[in-house]
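Trainee: Letter by letter, the chains look like this.
Protein chains: 2
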Amino acid sequence: MLDPASIRALTFDVFGTVVDWRGSIARDLGEFFGRRTPRIERDWAKVADAWRGKYQPAMERVRGGGRGFVKLDVLHLENLREVLAEFSIAGLSEEDIGHINRVWHRLDPWPDSVVGMTRLKRRYALASLSNGNVSLIVTMAKRAGIPWDTVLGAETARAYKPQPEAYLRAAEMLCLAPAQCLMVAAHNADLHAAAKCGFRTAFIRRPLEIPGKTHDLAADPGIDLDCADMNDLAAKLGC
Amino acid sequence: MLDPASIRALTFDVFGTVVDWRGSIARDLGEFFGRRTPRIERDWAKVADAWRGKYQPAMERVRGGGRGFVKLDVLHLENLREVLAEFSIAGLSEEDIGHINRVWHRLDPWPDSVVGMTRLKRRYALASLSNGNVSLIVTMAKRAGIPWDTVLGAETARAYKPQPEAYLRAAEMLCLAPAQCLMVAAHNADLHAAAKCGFRTAFIRRPLEIPGKTHDLAADPGIDLDCADMNDLAAKLGC
Numbered sequence: 001m002l003d004p005a006s007i008r009a010l011t012f013d014v015f016g017t018v019v020d021w022r023g024s025i026a027r028d029l030g031e032f033f034g035r036r037t038p039r040i041e042r043d044w045a046k047v048a049d050a051w052r053g054k055y056q057p058a059m060e061r062v063r064g065g066g067r068g069f070v071k072l073d074v075l076h077l078e079n080l081r082e083v084l085a086e087f088s089i090a091g092l093s094e095e096d097i098g099h100i101n102r103v104w105h106r107l108d109p110w111p112d113s114v115v116g117m118t119r120l121k122r123r124y125a126l127a128s129l130s131n132g133n134v135s136l137i138v139t140m141a142k143r144a145g146i147p148w149d150t151v152l153g154a155e156t157a158r159a160y161k162p163q164p165e166a167y168l169r170a171a172e173m174l175c176l177a178p179a180q181c182l183m184v185a186a187h188n189a190d191l192h193a194a195a196k197c198g199f200r201t202a203f204i205r206r207p208l209e210i211p212g213k214t215h216d217l218a219a220d221p222g223i224d225l226d227c228a229d230m231n232d233l234a235a236k237l238g239c
Numbered sequence: 001m002l003d004p005a006s007i008r009a010l011t012f013d014v015f016g017t018v019v020d021w022r023g024s025i026a027r028d029l030g031e032f033f034g035r036r037t038p039r040i041e042r043d044w045a046k047v048a049d050a051w052r053g054k055y056q057p058a059m060e061r062v063r064g065g066g067r068g069f070v071k072l073d074v075l076h077l078e079n080l081r082e083v084l085a086e087f088s089i090a091g092l093s094e095e096d097i098g099h100i101n102r103v104w105h106r107l108d109p110w111p112d113s114v115v116g117m118t119r120l121k122r123r124y125a126l127a128s129l130s131n132g133n134v135s136l137i138v139t140m141a142k143r144a145g146i147p148w149d150t151v152l153g154a155e156t157a158r159a160y161k162p163q164p165e166a167y168l169r170a171a172e173m174l175c176l177a178p179a180q181c182l183m184v185a186a187h188n189a190d191l192h193a194a195a196k197c198g199f200r201t202a203f204i205r206r207p208l209e210i211p212g213k214t215h216d217l218a219a220d221p222g223i224d225l226d227c228a229d230m231n232d233l234a235a236k237l238g239c
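If you're matching them up, the sequences are chains Z and L in order.
Under our numbering, the residue at position 128 of the first sequence is numbered 128, and the numbers go up by one with no gaps.
Under our numbering, the residue at position 36 of the second sequence is numbered 36, and the numbers go up by one with no gaps.
The list makes no distinction among identical chains, and a pair is therefore deemed to hold if it is satisfied within one copy or across any two copies.
Straight-line Cα separation of at most 20 Å, SDA-like style, residue types lysine to any residue; simulated pairs:
1. 54 - 83
2. 142 - 176
3. 54 - 88
4. 142 - 8
5. 121 - 142
6. 142 - 28
7. 71 - 177
8. 71 - 103
9. 46 - 89
10. 142 - 5
11. 71 - 165
12. 121 - 229
13. 121 - 106
14. 121 - 228
Worth flagging that the hints you see were computed from the coordinates, not collected in a lab.
Make the full structure from the sequences, and use the hints.
Mentor: Written out as structure tokens, the structure is:
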């Protein structure tokens, strides 16, 4: 059993957990390329999937020490150039490519995220613990109204999840023991990695993150809380 | 002339600029020691001054490389033990000493700070750029309603102001050129150090920070804006 009074801060995964990266990218790119002359038409959800598919391998080079720490905006940009080539999208200016890359700063929250997190913020400190870089999370939050108390994660730890340093450095900056931190994520692997560092864990069900997905539909055994959404998490914590 | 449209983020000094450290500490310690049996009576503003007087020398050891980076809570605690001895205050438990040390997390904002910064937040990203550690700034903000977009500064840069790294690392995390950042402070030395890094600068007049102070009464030549308070800064930036 998790005692809500034992928790002092909530640390959140962002992509998929707080915001709908796939739907947001598909909508944003559809509008951007639909406004161009001539229009460019692709299956933008597939483009989003291809882009996201390059995410873990790019971070893995940094995690493995094959490359020094670089922020996620940089990895996204390198991956974007490959994706554009793979989908035969050419003729874009560097300004266009920069704008497209910053779609990760313009992701929309799930409908329950802002209201649920606003309830949670009354009692707890809310920190992002994302692989997204600081400016990405700040810009996204200002656009969407996500009520962070502060932005932590890969860039402030200079380590990408699921490396232990990413979690431990966040707890250290919050001056909390890991057991006073509740990691909130829609992905079991993220929660298992946090739990290994001593964090308590809350799973948020996001069945629409990738339609038809067959993994991460519910919390694995050992996860402390299995929540339908952020409002359910707030209710389970008595907020 | 400063063009408000050239600025994307405001970075703030906190102690003295956003919050009244001296008055808050005097009030808090007066209440804490007044509740004890037997009461302990001292000139608590003098205690605050003595504590603050040890602040720069303690950071200087870290800046000079004589000591690895440690967060300000640690330096404050070491300095507090000296101050308690100097004022012959004894018989405190370690829990009491920890509570007193965290008075820096309980500082009250100047009357204009929250309303002025809430106006500024509508247009700009607001980041702390303080020598205070992350949890100190987060706890203070939750108690006082200070509307940060994120917390930056000494702990995320692992360098104490006025070292250039403290300013440059904040701009880098915001993905901004220094000239897109406006450093806001009630101390000219802080602003000169930021300006050397390429930041634009806004002085906030805080004549009550230390009653009778003869320095930092107005902006030095070369500072971009000289403001009566945070509302005046908001007005000067058209917010």
